[in-house]
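Asker: Here the UniProt record's numbering is used: the first residue of the sequence shown is 1, the next is one more, and so on.
Take these hints with a grain of salt, some might be off.
Stated by the list, open to error - As a list, the in silico DSS-like pairs of lysine-lysine whose alpha-carbon atoms are at most 25 Å apart:
#1 K256 x K91
#2 K208 x K188
#3 K188 x K153
#4 K196 x K165
#5 K81 x K123
#6 K191 x K168
#7 K76 x K66
#8 K165 x K229
#9 K256 x K160
#10 K168 x K123
#11 K126 x K81
#12 K81 x K256
#13 K208 x K66
#14 K168 x K188
#15 K208 x K91
#16 K229 x K196
Calculated directly from the structure, the hints in this document are not laboratory data.
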Amino acid sequence: MYLSIPNVFLVPVYYAEEDILNMKKIVILQNCNFDSDFTNKTVKRKEVVIGLSLPTQREERWVRDKEVIEEYAKNKGVTVKVENAEYDATKQASQVENLIAQGIDVLILVPIDPLAAADMVEKAHKAGIKVISYDGLVQNSDLDLYMAFDKIKVGELQGKFLIEKVPKGNYIIMAGDPDGMFKEGAMKYIKPLAAKKDINIVADEAVKKWDPNIAFKIVEDALIANENKIDAILAPNDAIAGAAIEALQAQGLAGKVAVTGQDAELAAVRRIIQRTQLMTVFKDTRELGKAAIDAAIKLANGEAVEVTSKVNNGKIDVPSILITPIAIDKNNINSVLIDSGYLNQNEVYKI
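Could you put the whole structure together from the sequences, leaning on the hints where they help?
Answerer: So this is what it looks like as structure tokens:
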């Protein structure tokens, strides 16, 4: 007497995850027909859909982020839906609601207004969507992850360069609205010298919406008020640095006043070569963008994300991945920016 093999039986299936060799049982096939179904069907992970909310496409830095994220996501088989708010917090809120309605799995959010963006995080969570706060930290919210370059460190690099170049004199301090973390880092170096009266801060203003036109007016007004006696300018990014240098140029002062920057934009690197900008800060957006997609895929699939630290946002200590920035001046343009392929040598020196 022989036992026949049943046509219908249960089969446990295992697979090896892409990034780790942990074997996990993912599904039990029921009512599987051995003759056809089991041999013809494979188990597929769901397609991950990511929503990306960017602040602008007017700045080279954010154009790069978008390109890197889209290309890397495509290589990973992930769909990315992109919205661009052009530094309009109300518009960003509407765009995020639209992304939520489209059924995304993860939202990568660059908050224009870190306080108002808490409402976007709450709405996303109610829809079962994980949220990564990218580059800027959403305040007072239960974020799933914060990913950025260390902003305090960025400011420290800017402040250190300024006081080493100009330990005494009249300073213009500009912060990017509404983010004061860069300024906080810079003031660690500037404040002690200001307290000793070595540094005189003649203007201290936030640049609303990071608008270069507003930055130009701040510098122009400070030059008029101080009879052109300005020695150093803390500019939070390269776009604002460019506007500040335009205002200086109008008074024949370009190259005579130390100006900081951030983002290692091509125009800024050219200004450093021309000696009209003191330095910039390189934040390799290729690294951050790819890491954000990898983290989003893991969050969408319920997997753990390895973090480097935690940052408090007023409500919780947010699991965070912070990447170290690099100061750039005339001495390391080639070794850091060109040799890494971030910028093209011919374009950099085509002045």
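Asker: Next, verify each hint and record whether it holds.
Answerer: Structure-based check of all given hints:
1. K256 x K91: Violated: K256 and K91 sit about 40 Å apart, past 25 Å.
2. K208 x K188: Holds - the C-alpha atoms of K188 and K208 are around 23 Å apart, at most 25 Å.
3. K188 x K153: OK: K188 and K153 at ~10 Å, within 25 Å.
4. K196 x K165: holds, 17 Å
5. K81 x K123: holds, 18 Å
6. K191 x K168: Holds, at roughly 12 Å.
7. K76 x K66: holds, 15 Å
8. K165 x K229: holds, 16 Å
9. K256 x K160: holds, 18 Å
10. K168 x K123: Between K168 and K123 the Cα gap is close to 50 Å, so the pair fails against 25 Å, i.e. violated.
11. K126 x K81: The given pair, whose Cα atoms are some 20 Å apart, holds under the 25 Å limit.
12. K81 x K256: Between K81 and K256 the Cα gap is close to 45 Å, so the pair fails against 25 Å, i.e. violated.
13. K208 x K66: holds, 23 Å
14. K168 x K188: Measuring from Cα to Cα gives roughly 16 Å; hence the hint holds.
15. K208 x K91: Roughly 16 Å between the alpha carbons, so the hint for K208 and K91 holds.
16. K229 x K196: holds, 19 Å
Hint compliance for this structure: hints 1, 10, 12 are not met, and every other hint is.
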